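As given, the protein sequences belong to chains A and B, one line each in that order. The numbering of the first sequence is the working numbering, which starts it at 104 and goes up by one. The numbering of the second sequence is the working numbering, which starts it at 44 and goes up by one.
Simulated from the structure, these hints should not be mistaken for laboratory data. Bear in mind the structure is a predicted one, so any value in this text is a computation, not a measurement. Built from N, CA and C at the ideal position, the CB exists for glycine as well. Just so you know, not all the hints are guaranteed correct.
Unchecked claim - Okay, the calculated bits of chain B under chain A, using three or more residues with CB under 8 Å as the criterion: (1) 57 to 71; (2) 141 to 151; (3) 373 to 381.
Unchecked claim - Just a sample of chain B residues kept apart from chain A, beta carbon distances all over 12 Å, derived: (4) E154; (5) I392; (6) T412.
What the hints assert, rightly or not - If we take Cβ atoms under 10 Å as the criterion, some of the chain A residues that face chain B in the derived model are: (7) N110; (8) N264; (9) M268; (10) A280; (11) A284; (12) P482; (13) M485.
What follows is the residue order along each chain.
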Amino acid sequence: MSEDHKNMWEDLGLALEPHDALLSVLGNAYKDIYLSQKERPQGMVYFDFVMSEVHGLRIRELLDEKAHGRKIIGSYCVFVPEEIALAANATLVGLCSGADFAEDDVETYLPGNTCALIKSAFGFKLGQVCPYVECSDMIVGENTCDGKKKAYETLGNLVSNLYVMDLPQMKSNDGKALLKAEYTRFKKAVEALTGVTIDAESLKKGIETVNNKRKAIHRLSRLRKANPAPISGLDALLANQVFFYDNPARFTESVNKICDELEQRIEKKKGVCPESTPRILISGCPMAVPNWKFPWLVESAGAVIVGEESCVGERGTRNLTDASGNTVDDLMDAIVDRYFKIDCAIFTPNPDRLNHIAEMAETYKADGVIHYGLQFCQPYAMESMPIEKALKAKNIPVLKIETDYSMEDVGQLKTRVEAFLELLK
Amino acid sequence: MQPPALNMYDRFSEDCLMGLEAARETGVKIAGIYCIFAPVELIYAAGAVPIGLCGKKEAPISAAEEILPAALCPLIKSSFGYARTNSCPFFDASDFIVGETTCDGKKKMFELMAQMKPLHVMQLPYACSDTAALQYWYEEVLRFKAFLEDQTGQKIDDKELKKQISLANRIRLACQRLIALNMPGREPLKGMTLLAVMESKGFILDPETYLDQLDRMIDDLETSITASRPVFNKPRILLTGTPLGKGSEKVLQLIEDTGGIVVAMENCTGLKGIYNLVDETLPDLYMAIARRYLKTPCSCMTPNTGRFELLSRLIEDFDIHGVVDLSWQCCHTYHIESRSVETHIKQQINIPFINISTDYSESDIGQLTVRIEAFMELLYGHYHDSTGAKN
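Chain A with its partners taken away, still in its complex shape (with noise of 0.2 Å):
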């Protein structure tokens, strides 16, 4: 750790000797759970760079784009537009909920029984360990669940600068013009934050670039259909959390590096795994970093993950946006259009995500799903039920599991998985 990065950070008021604790943790953690692993795609190491500089060298790089007057912003939703904000000369970045901290902190504000990545998203907040947060100009909250709208009130008080936007909850013409109204209102709160207007051109761009990202994990995705699969579902996982974090031309180049070489894998039969190893698809709710916890149980119990239908994943990057507007309303409506499409369970009914688990199951040929809750998120437990019914029914072999981010109940989740896996055989 340079002496550079002490500054930065104690100049961003984190509390170094806590966040030094929790860089070392991990550290620790990154190496047995990713480094560990056999057959890696040499591209991979990119990542490895990222994941060891993602609170050094990229938050630098985010200082750097502040000092030449560009604004941050930061967001714990897949539901806010990164192209708006790009349009805007703004960058967003993912803000960090993946790991517990400060916990008996963090419940003298929320409930015990708050889902953990909202409990991370305070305790991260309330530790002073996430330079993300230290360093947006803008916080962005979105009325998800009722978890996340009546915790960023609370937030609202720990952090000056919190945006939230409403969301609706159903699919209907007038839920789409409540998330067009909102959009609107959130273009308008970025023009102010940035000076920047956005015209039709920059707003072109924006979306240009977002797409770009998003087709180069539509291409990594695309390959791990293969059998043997040639990149390892923790692999694939973080690529798609580090969506959230990098510099987006970077990010398209770098993924789009391990894809070319991950189709020489293919050409020659070359896997990270035989061909017999069970293939898994995950669905549910969201693995913010460094929430590697269940994939790396599954896999190290012998399995591969094939997909992740999660917002840190297909359902948060799969639809593009229409960028062939030429006024700022045809492009904002192409934005509104791509975004009401996701299919979040916060929406009723959300009839789409039962059909694109079904849809990735085949596609990515995969011999089960695990539905993967965090404890206490009532929409995702809610769809969890109908979604093992009509997979049964469909005679793809479930496994729902809840869990949160202690490693207290590792021991169980590896006696279901693995007899799970067993099942598959």
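Chain A is fixed; fit chain B onto it per the hints.
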């Protein structure tokens, strides 16, 4: 001792059920409702009768948990359990069900319930102060109107709607008059005594008759309890938070068993809805309805500033000594909002506050009794000096 004027509310829902069967035979449609966001004026104007459905007892919860996740609030599990086991006669009698997207649990539960009965879900916007939100909710009110007309085969005309708006407003005003009896200056009615009247609002077959009875009952009460008594002999409690009723009244009961008196309830069973009236001067009746309901200070709204204002007002008007905030377990919106309520009460008003998170079961009665007793003692200490006089 219950004033005799209240006796008619003891078996109100049972009597309603009898009347309901008779009404159905004449072709009246029954709308099963779960929430005070359902615009009752519209339902009556369509010639249907809105009836509050069961969801306040522990018994059907185990049947619900065969399908629903356990980590849901008891109200949702109880409601679904009743429906699933055909043990709520009002659900059985309902021709259709009205739901709202108040919380994640209910919203997703209605998806499953829609397989049992025709069900309409109204989507609430959560940013209640925003003009886009009001416009959206207005459209939802119109969409509900169309659903009602489709279900009842009857067009809603403005004259009838105006009449129903006025009736519903007058019922709210009567409730205000009733609860005003608990303001300082006379012996207050117990929360347990008033609960049956509060709950009767969900079982109104004919609003005109109901209003007449309610007005007469309040007249009786006003004459029978005029005598001014010593004002402070028990801590005056404001109960706020999640709704409760017969079957889930344990916290209310415990407060009053341990020496307190719940003079006001800021919840959906109690006063949350009664201070907002539909503006009868607005030309667009549907906009007037939309405005009124969107102001309901439910924790599903963000920020829910209306609740803080209502709490402050009730604490002053009812000379409240302590606030008990009830959160049903796994009700994220009320439970998370509880911290903000606590800060508001302690900092803005500076009276004692306690949050109780529980479910419908009896398993924690011992522990709750200890906590509530301690709270009552604290209040006695807070308001009495050694001679027993109020500070």
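Query - Satisfaction of the M268(A) interface hint, Cβ to chain B closer than 10 Å - result: 9 Å, holds
Query raised in the report: For T412(B), is the shortest beta carbon distance to chain A beyond 12 Å?
Result: 22 Å, holds
**Report entry** Non-interface label on E154(B), tested against every C-beta of chain A at 12 Å
**Finding:** Label violated. Min Cβ-Cβ 5 Å, cutoff 12 Å.
**Report entry** P482(A) as an interface hint toward chain B, with CB separation required under 10 Å
**Finding:** Result: holds, 5 Å to nearest chain B Cβ.
Requested in this report: Classify the hint on N264(A) as holds or violated, based on whether any CB of chain B lies nearer than 10 Å to its CB.
Outcome: N264(A) check fails; min Cβ-Cβ to chain B is 16 Å, beyond 10 Å.
**Report entry** 12 Å cut-off, C-beta based - I392(B) kept clear of every residue in chain A
**Finding:** 18 Å, holds
Requested in this report: Answer holds if the nearest beta-carbon of chain B is closer than 10 Å to that of A280(A); otherwise answer violated.
Outcome: Where the cut-off is 10 Å and the nearest Cβ of chain B is about 7 Å from A280(A), the hint holds.
Query - Interface hint for A284(A), Cβ within 10 Å of any Cβ on chain B - result: 4 Å, holds
Query raised in the report: Residue count check for the segment 57 to 71 of chain B against chain A: does it reach three with CB-CB under 8 Å?
Result: It is violated, with 0 qualifying residues against the three required.
Query raised in the report: Taking a Cβ-to-Cβ distance below 8 Å as contact, does the segment 373 to 381 of chain B have at least three residues touching chain A?
Result: Coverage by chain A holds for the segment 373 to 381 of chain B (7 residues, Cβ < 8 Å).
Query - Within 8 Å of chain A (C-beta), three or more residues of the segment 141 to 151 of chain B - result: It holds, with 6 qualifying residues against the three required.
Report task. Identify whether the interface hint at N110(A) stands, where standing means a beta carbon of chain B within less than 10 Å of its own. Result -> 36 Å, violated
The structure fails hints 1, 4, 7 and 8 (numbered hints given earlier, in ascending order).
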